[in-house]
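Student: Sequence:
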Amino acid sequence: MKTFDPEAATAAYLATLSPDAHARATAYTQGGHWLILWTAVVGVAAYWLILRSGLLVRLRDRLEGRGVGPLPISIAVLALALIAETVLNLPWSAWSDWAREKAYGLTSQAFVGWLGEYLVYALIWVVTSTLLAAGVYALIRRSPRLWWAWSGALVSLVFILSMLVWPVFIDPLFNRYEPAPPGPVRDAVVALAEANGVPSDRIFIYDGSRQSNRYTANVSGLLGSARIAMSDVMFQKDADIAEVRAVVGHEMGHYVLGHVWWRAGFLSVMAVLALLLVDRLFPLAARWLGASGVRGLSDPAGYPVLGAMIVVLGLVGNPVAASFTRWAEVESDRFSLERAQEPDGLARALVKTIEYRAATPGRLEEILFYTHPSVGSRVRMAMDWKAAQQAEPMPVTLVRPGDLGR
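End of the sequence shown sits at 407 in our numbering; the numbers just go up one at a time, nothing left out.
Heads up, some of the hints might be wrong.
[Said to hold, decoys possible] For each label pair, taking beta carbons as the anchor points, the in silico distance ranges come out as:
1. R63 to K103: 41 to 47 Å
2. W289 to G66: 39 to 45 Å
3. R67 to W167: 33 to 39 Å
4. D21 to A322: 31 to 37 Å
5. D208 to R288: 45 to 51 Å
6. G184 to S144: 52 to 58 Å
These are calculated hints, taken from the structure and not from any lab test. Glycine is no exception: its CB is placed at the ideal position from the N, C-alpha and C atoms.
Produce the entire structure from the sequences given, and follow the hints as far as they go.
Tutor: Dropping the structure here:
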């Protein structure tokens, strides 16, 4: 029998896309790398404009003159800062998150629809961020020496609470989530879930095509709110049963391996380190940004200084965060291969994601920017696993639209 060649099989899968499609994916992906830098620049510029306007200092002084306490002052000043930040960032977000996606054919959503969702997200973000930031400023006032450590724990707690709440209250504002209906897809998913200790009633299909044309699935939530969701785009792009099993197996990996808890711990550590640097470097940053009227770190009118520092530190720490996420994705790929045992299904699914994630980046590029391992390396991993099992090519069973409701 002819020996299976993982390298040749990987090359064959990548060759299913034309050179023009690969070139377009590379242009989109590398442009996205620059977006990371320019988004940070735009963010810092917005904070600088808010500082230079003096709006926050004037509001603080007015409220203090009326005898308002420090917590209400913090909430009012922070809410104003976050609203101003949202307004100033809107033009950039409209281009980077909608116009650019539209230009590459990755969304069919009308601008009005995008803007409506942006404003809803903005409202949620302003409210939750105001409360979180007010909590941080309260910790600064009560524990000026160790506020950064307590704040790191607060960030982790807020992340865990958001994971509990988001799938139940927030996601339904933007998409319709329905349990996979009876039929081949549901049967395959339920069998895989039951075999791996995952609640079989927490597998959903959602209308992700409303916002994006990306072939994708995700795991979200925690404990009773945890669920695995597949975008309807998967089936619009002819996902077969093997692909569904492979993709859902990957998402089950995140669930079974407890990646949400790992992420909470990672975010806590990163937050502690970042806020420790903010504690030490705030006076220098305030001088550089010309924070006139700001009385120090505990002054909520200085939030734009703190925000700008977090943006810069986030830019510097991006490779570390990306590396952590890549580790989790590799572990979930391995889980899928071992449990779903669909290497060809995983490879076919991955190839369909190349349109928004170039397949073969340089090693340094992948380390610095990629939140997922490159498609080329992931397909090769699947083919290496297949070779180790001495598996034969597996049959392809297309899921037709009618199959979803049978």
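Student: Does each hint hold? Answer for all of them.
Tutor: Hints versus structure:
1. Between R63 and K103 the CB atoms are about 43 Å apart, so this pair conforms to the stated range of 41 to 47 Å.
2. For the pair W289 and G66, the beta carbons lie near 29 Å from each other, so the given range of 39 to 45 Å is not met.
3. As the Cβ distance of R67 to W167 is approximately 37 Å, the hint placing it in 33 to 39 Å holds.
4. Distance hint check for D21 and A322: the Cβ-Cβ separation is about 32 Å, which falls inside the suggested range of 31 to 37 Å.
5. Distance hint check: the CB atoms of D208 and R288 are about 50 Å apart, consistent with the given range 45 to 51 Å.
6. The hinted window of 52 to 58 Å between G184 and S144 holds, with their beta carbons roughly 56 Å apart.
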